[in-house]
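A.B. asks: Modelling step: build the complete structure from the supplied sequences, incorporating the hints.
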Amino acid sequence: MDLAGKTAVISGSGNVATHAAEKVTQLGGKVLTLSDSEGFIHDPDGIGQEKIDWVKATRRGGVAASPNM
Numbered sequence: 028m029d030l031a032g033k034t035a036v037i038s039g040s041g042n043v044a045t046h047a048a049e050k051v052t053q054l055g056g057k058v059l060t061l062s063d064s065e066g067f068i069h070d071p072d073g074i075g076q077e078k079i080d081w082v083k084a085t086r087r088g089g090v091a092a093s094p095n096m
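Quick note, the sequence shown lines up with residues 28 to 96 if you use this note's numbering.
Any given hint could be a false lead.
Listed next, with one range per pair, are the computed distances between beta-carbon atoms [said to hold, decoys possible]:
no., residue 1, residue 2, range
1, 65, 32, 26 to 34 Å
2, 70, 43, 17 to 25 Å
3, 64, 31, 26 to 34 Å
4, 83, 36, 15 to 23 Å
5, 28, 75, 16 to 24 Å
Under the rule of at most 25 Å between Cα atoms (straight-line distance), these lysine-lysine pairs were calculated in the PhoX-like manner [what the hints assert, rightly or not]:
no., residue 1, residue 2
6, 33, 83
7, 78, 50
8, 57, 83
9, 33, 50
10, 33, 78
11, 33, 57
12, 78, 57
13, 83, 50
Keep in mind the hints are simulated off the structure, nothing from the lab. Just so it is clear, CB atoms sit at the ideal spot from N, CA and C, and this is done for glycine as well.
C.D. replies: Below, the structure is given as C-alpha cells:
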C-alpha cells in the first residue's frame with residue numbers, strides 16, 4: 028500500500044503505536060501525533076524515525092516529557 032501524501036494520527040505511544048508510526052513512515056505517509064495518558068506529541072511536519080526512537084527510549088517518562096516536539 029502506498030501512503031505517499033497521506034497523514035495519520037496515532038493514539039498511543041507503546042509498542043503497537045510506535046511500530047504503526049514506523050510503518051506509516053516507511054510507506055511514505057506522515058504521522059502527525061502520538062499520545063499517552065500524560066499528553067501528546069503533535070508535529071505538523073511529521074514525526075520521523077528519530078522522534079519515534081526517542082518515544083521508544085523514553086516511554087516511561089510519558090510523551091508529555093518530550094522536549095521541543
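A.B. asks: A separate judgement is required for each hint: does it hold in the structure or not?
C.D. replies: Structure-based check of all given hints:
Separated by about 31 Å at the C-beta atoms, residue 65 and residue 32 satisfy the suggested range of 26 to 34 Å. Taking 17 to 25 Å as the suggested C-beta distance range, the pair residue 70 and residue 43 conforms, at roughly 20 Å. Judged by the Cβ atoms, the range 26 to 34 Å given for residue 64 and residue 31 holds: they are separated by roughly 32 Å. Restraint check, residue 83 to residue 36: a C-beta distance of roughly 19 Å satisfies the suggested window 15 to 23 Å.
One distance hint, 16 to 24 Å for the beta-carbon pair residue 28 and residue 75, holds here, with the actual separation near 19 Å. A distance of roughly 23 Å separates the Cα atoms of residue 33 and residue 83; the hinted pair therefore holds under the 25 Å criterion. Distance hint between residue 78 and residue 50 is fulfilled; the C-alpha atoms sit about 14 Å from each other, no more than 25 Å. A distance of roughly 18 Å separates the Cα atoms of residue 57 and residue 83; the hinted pair therefore holds under the 25 Å criterion.
As the CA atoms of residue 33 and residue 50 are separated by approximately 13 Å, the hinted pair is consistent with the 25 Å bound. Between residue 33 and residue 78, the direct Cα distance comes to roughly 19 Å. Compliance with the 25 Å bound is thereby established for this hinted pair. Restraint check for residue 33 and residue 57: satisfied, since their Cα atoms lie roughly 6 Å apart, inside the 25 Å limit. A distance of roughly 12 Å separates the Cα atoms of residue 78 and residue 57; the hinted pair therefore holds under the 25 Å criterion.
Restraint check for residue 83 and residue 50: the C-alpha separation of about 15 Å stays at or below 25 Å, so the hint holds.
Figure legend: structure checked against the earlier numbered hints; every hint is met.
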